[in-house]
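In order, the protein sequence lines correspond to chains A and B.
When the count follows this note's numbering, it moves up by one through the first sequence with no breaks and lands on 463 for the last residue.
When the count follows this note's numbering, it moves up by one through the second sequence with no breaks and lands on 354 for the last residue.
It is worth saying that the hints were derived from the structure and are not from the lab.
C-beta: ideal position from N, C-alpha, C; glycine also.
Don't take each hint at face value.
[What the hints assert, rightly or not] So the derived label-pair ranges between C-beta atoms look like this:
hint	chain 1	residue 1	chain 2	residue 2	range
1	B	Pro164	A	Val234	47 to 57 Å
2	B	Val224	A	Val428	38 to 48 Å
3	A	Leu230	B	Glu207	54 to 64 Å
4	A	Asn323	B	Thr308	41 to 51 Å
5	B	Arg132	A	Thr420	25 to 35 Å
6	B	Glu207	A	Thr34	35 to 45 Å
7	B	Thr172	A	Ile435	47 to 57 Å
8	B	Tyr339	A	Glu444	22 to 32 Å
9	A	Gly120	B	Tyr339	17 to 27 Å
10	A	Ile435	B	Thr308	49 to 59 Å
[Stated by the list, open to error] With a straight-line cut-off of 35 Å between C-alpha atoms, the simulated DSBU-like cross-links for lysine-lysine are:
hint	chain 1	residue 1	chain 2	residue 2
11	A	Lys219	A	Lys207
12	B	Lys169	A	Lys314
13	A	Lys41	A	Lys119
14	A	Lys165	A	Lys41
15	A	Lys119	B	Lys344
16	A	Lys354	A	Lys41
17	A	Lys41	A	Lys207
18	A	Lys41	B	Lys344
19	A	Lys165	A	Lys309
20	A	Lys219	A	Lys119
21	A	Lys165	B	Lys169
22	A	Lys300	A	Lys314
[Claimed, not checked] In silico negatives: residues of chain B with every beta carbon more than 12 Å from chain A:
hint	residue
23	Thr60
24	Pro94
25	Val139
26	Gly162
27	Glu207
28	Pro220
29	Leu223
30	Ala226
31	Trp235
32	Ile326
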Amino acid sequence: MLSRWQFGITTVYHFFFVPLTIGLAFTTAGFQTAWYRTGKEQYLRLTRFVGELFLINFALGIVTGIVQEFQFGMNWSSYSRFVGDIFGAPLAIEGLLAFFLESTFLGLWIFGWGRLSKGVHLTTIWVAAVGTAISAYIILAANSWMQHPVGYEVNQAAGRAELKDFLAVLTNVTALITFPHTIAAAFMTTGALLTGVALWRLVRRKGPDDGAFRATAKAGAVMLLVSGLLVAVTGDIQGKIMTDQQPMKMAAAEALWETEQPASFSLFTIGTLDGSQNVFSIRVPYVLSFLATGDFNGKVLGINDLQKIQEQKFGPGDYTPNTPVTYWTFRLMIGTGILAAAAALWFLFRMRKGRLPGRGTLAIAVALPFLPLAANSFAWMFTEIGRQPWIVFGLMTTATAVSPTSTTLEVLITLVGFTLLYGVLAVVMVGLMIRRVRAGLPEATADKGFEHEAEPELGFGY
Amino acid sequence: MELTTVWFALIAFLWIGYFVLEGFDFGVGMLLPVLGKTEPERRAILRTIGPVWDGNEVWLIVAGGATFAAFPEWYATLFSGFYLPLFLILVGLIVRGVGIEYRNKESSLRWRGRWDVLIAVASFIPALLWGVAFANIVAGVPIDGDKQFTGNLFTLLNPFGLLGGATTLLLFLTHGLVFLALKTEGELRDRANRLVTPVGLVTAVVAVAFLAWTNVQTGTLVSSVVAAVAALAFVGALIANRLRREGWAFLGSAVTIALAVASLFLALFPDVMPSSTNPVYSLTTTNAASTPYTLTIMTVVAVIFTPLVLLYQGWTYWVFRKRVTVQPSAKR
Chain A
2 MLSRWQFGIT TVYHFFFVPL TIGLAFTTAG FQTAWYRTGK EQYLRLTRFV
52 GELFLINFAL GIVTGIVQEF QFGMNWSSYS RFVGDIFGAP LAIEGLLAFF
102 LESTFLGLWI FGWGRLSKGV HLTTIWVAAV GTAISAYIIL AANSWMQHPV
152 GYEVNQAAGR AELKDFLAVL TNVTALITFP HTIAAAFMTT GALLTGVALW
202 RLVRRKGPDD GAFRATAKAG AVMLLVSGLL VAVTGDIQGK IMTDQQPMKM
252 AAAEALWETE QPASFSLFTI GTLDGSQNVF SIRVPYVLSF LATGDFNGKV
302 LGINDLQKIQ EQKFGPGDYT PNTPVTYWTF RLMIGTGILA AAAALWFLFR
352 MRKGRLPGRG TLAIAVALPF LPLAANSFAW MFTEIGRQPW IVFGLMTTAT
402 AVSPTSTTLE VLITLVGFTL LYGVLAVVMV GLMIRRVRAG LPEATADKGF
452 EHEAEPELGF GY
Chain B
23 MELTTVWFAL IAFLWIGYFV LEGFDFGVGM LLPVLGKTEP ERRAILRTIG
73 PVWDGNEVWL IVAGGATFAA FPEWYATLFS GFYLPLFLIL VGLIVRGVGI
123 EYRNKESSLR WRGRWDVLIA VASFIPALLW GVAFANIVAG VPIDGDKQFT
173 GNLFTLLNPF GLLGGATTLL LFLTHGLVFL ALKTEGELRD RANRLVTPVG
223 LVTAVVAVAF LAWTNVQTGT LVSSVVAAVA ALAFVGALIA NRLRREGWAF
273 LGSAVTIALA VASLFLALFP DVMPSSTNPV YSLTTTNAAS TPYTLTIMTV
323 VAVIFTPLVL LYQGWTYWVF RKRVTVQPSA KR
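Let the sequences and hints guide you as you build the complete structure.
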């Protein structure tokens, strides 16, 4: 149980930085390309500004990533023994293919200003950005295997699952749809950050760079909306695949205890969600049927029926995830996502024809980046908690996956240790981000790299 | 050669790469507040590893991933068994990485001074504990018939383990000094250069004691010869450093670390984690390995991509081959 908390906390924390790293890498590369093509100084300064935010993020993304890899062995050794033949390969390949690319070329990019030719230097940030995307695909393929195991056989004698078809693992339909969903969410998160930051500058710190921030705010909002649409479309396809592969997760997402046809979707419910009487709920007919099956009259199996089916298949046991948590994380994921999109739309409207949103909207601009971040976290909680009691769906339960040797005290020490350390680092990191945003666009010349940048003389005139 | 042997060799290669490369990062990190007397000097010290330290650390991530993929039982027993040391190593790596990246992002000297101390401590911890871990792996730890580690933190803190820790710590410290002498100029370079001999002599005594003990316990003829060559390379490094041939000195200390680690892996083979409870329970390249199918796929991927990685990482070192100069203050 403690191990689950630890994995949950460290993973959600790690995933604050992952989407921003992916999105900001491509944004930085985009600005630098614009500078390379046009030679306009404004683009160079935007490259540096966004690049700084990217690097502050990346530092935490990478160090928390090592913890992720080590945890499988430290806290989940039984899991590692059982699935290592399949699950280990993607992790190793991710390191060899993606992490080496990201970190090596980022080093070249950070310190390569003025040392590499402009074209080569631009290439380094693109290579690093592509590295982040490759890494995302491989690790999502590994996670998708836990959601929907394919290409394997269980070897009873050896007591483990063995890889039979690696291509099947890499082209798992779950991975194919989860990847665009996650990448789109990453750009949505990044769009929200750019919009929030640029709007704050426009409203609170008017100055000569307003033109650049105005363009950034609009570009961010458009990025958020377009990727938001993609998130919705891919999420919808995911929902149908999920209903097919893990019907229990969909049933729990609605707290649907009895099978319904057609099934209605509740916007929210006041009540216990334990199958007893719900006090109050707003329901939209047919919607759950559509979400789950693509047909407004589709039949959606309820938790009680699914529990019986799984008992027949896997033997006696409780196969129902924590329904209230699954129910609410599902709604919060969608809700915070929609809210972010609505805010972006509204800001775009307020910025039409050279206008500016008033000071009263500042709070919304500041809150905006946190909405997709929250949506991401809820999404991971939903998909991981909704899979319970399984760690690998249909193959291995979470309870049997933990390390038998680590004591409660040991896990408690590391749990508290990581949580405290991560908390402190979060404060430091947010503080640095705020300082950067306050400082605004840095003065930039093409030959000076980041190593000179935070000198006392530069950019802290406030 | 069997695939399991190939993967044992590959994992050894990854650890060698990790220790040779990150070894000087650890050394530089520990030396940062000691060797850098002034703020510009400290910035220069960090700039020597700035472009490369992150890429160096990936060797660890790949070594861990490769162990998981090729020898899941080894990965599971090792990582769950060495629970608290690995936690401390992780904390060290986190704090050090964040420190290197965040230190220069604020101009206040207090902020920077604090990070410098943290970077030094956070470099010290893994530099010590990796040696403790590997000494224990080679010597053997209590493992039962279910391949589970049955000891605790204090099982690992035995004299032999601590000697192993002191060995990696001192080797990395010397390696870092040699690297700094190679990569800096002027007074900083002189200071690093002068320190190599005294630190190196202490290192030599400890490292020879550790490698001799290891090879007497579990060594083979080959592993002993490799250890002896490592010692010779170290002597060469110290002499080259005295002659101010810093490139050769760095090559010498790199070869020393590479061969010392190789000697440990040679002494380990064909076990991957011997059991001190009963040799029958030992994890070996055979009983800890993945299926031939997985190993084949991994081999194909490794054969294609490892040379590529070596090529572009090598290019990075070429791009940043110049010595780092101490810059009084950035120009506005």
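Hints and how they fare:
Between B:Pro164 and A:Val234 the beta carbon distance is about 55 Å. The supplied range of 47 to 57 Å therefore holds. Remark: the range hint 38 to 48 Å for B:Val224 to A:Val428 is upheld by a beta-carbon distance near 40 Å. At about 55 Å, the CB distance of A:Leu230 to B:Glu207 agrees with the hint of 54 to 64 Å. Look at A:Asn323 against B:Thr308: about 42 Å separates their beta carbons, and that is inside 41 to 51 Å.
Hint check: B:Arg132 to A:Thr420, Cβ distance near 26 Å, so the stated range 25 to 35 Å holds. In this structure the supplied range 35 to 45 Å holds for B:Glu207 paired with A:Thr34, their Cβ-Cβ distance being about 36 Å. A beta carbon spacing of about 49 Å between B:Thr172 and A:Ile435 agrees with the range 47 to 57 Å that was offered as a hint. Between B:Tyr339 and A:Glu444 the beta carbons are some 31 Å apart, a value that agrees with the proposed interval 22 to 32 Å.
Between A:Gly120 and B:Tyr339 the beta carbons are some 21 Å apart, a value that agrees with the proposed interval 17 to 27 Å. Restraint check, A:Ile435 to B:Thr308: a C-beta distance of roughly 55 Å satisfies the suggested window 49 to 59 Å. Between A:Lys219 and A:Lys207 the alpha-carbon distance is near 16 Å, which keeps this suggested pair within the 35 Å criterion. Restraint check for B:Lys169 and A:Lys314: satisfied, since their Cα atoms lie roughly 31 Å apart, inside the 35 Å limit.
A C-alpha spacing of about 14 Å is found between A:Lys41 and A:Lys119, which places the hinted pair at or below 35 Å, so the restraint holds. Between A:Lys165 and A:Lys41 the alpha-carbon distance is near 54 Å, which puts this suggested pair outside the 35 Å criterion. Taking the CA atoms of A:Lys119 and B:Lys344, the gap is near 20 Å; set against the 35 Å cutoff, the hint holds. Restraint check for A:Lys354 and A:Lys41: satisfied, since their Cα atoms lie roughly 23 Å apart, inside the 35 Å limit.
Annotation: proposed proximity of A:Lys41 to A:Lys207 holds, straight-line Cα distance about 21 Å (limit 35 Å). In summary, the hint linking A:Lys41 to B:Lys344 is supported, as the alpha carbons are separated by about 31 Å, within the 35 Å threshold. Taking the CA atoms of A:Lys165 and A:Lys309, the gap is about 31 Å. The hint holds against a cut of 35 Å. Restraint check: the Cα-Cα separation between A:Lys219 and A:Lys119 comes to about 28 Å, which is no more than 35 Å; the hinted pair holds.
A distance of roughly 25 Å separates the Cα atoms of A:Lys165 and B:Lys169; the hinted pair therefore holds under the 35 Å criterion. Between A:Lys300 and A:Lys314 the alpha-carbon distance is near 21 Å, which keeps this suggested pair within the 35 Å criterion. Look at B:Thr60: its CB is around 15 Å from the nearest CB on chain A, clear of 12 Å, so calling it non-interface holds up. Listed as a non-interface residue, B:Pro94 fails to keep its Cβ farther than 12 Å from every Cβ of chain A; the least gap is roughly 2 Å.
Consistency note on B:Val139: stated as away from chain A, and its beta-carbon is indeed over 12 Å from all of that chain's, at 15 Å minimum. Taking the minimum C-beta to C-beta distance to chain A, about 17 Å, the non-interface status of B:Gly162 holds against the 12 Å cut. Annotated as non-interface, B:Glu207 keeps its C-beta farther than 12 Å from every C-beta of chain A; the closest such distance is 16 Å. Every CB of chain A is more than 12 Å from the CB of B:Pro220 (nearest about 31 Å), matching its label as outside the interface.
Under the 12 Å C-beta cut-off, the non-interface status given to B:Leu223 relative to chain A holds; the minimum distance is some 34 Å. A cut-off of 12 Å between C-beta atoms confirms that B:Ala226 is not in contact with chain A; the least separation is 32 Å. A cut-off of 12 Å between C-beta atoms confirms that B:Trp235 is not in contact with chain A; the least separation is 28 Å. The beta carbon of B:Ile326 is not kept farther than 12 Å from every beta carbon of chain A, the shortest such distance being approximately 9 Å.
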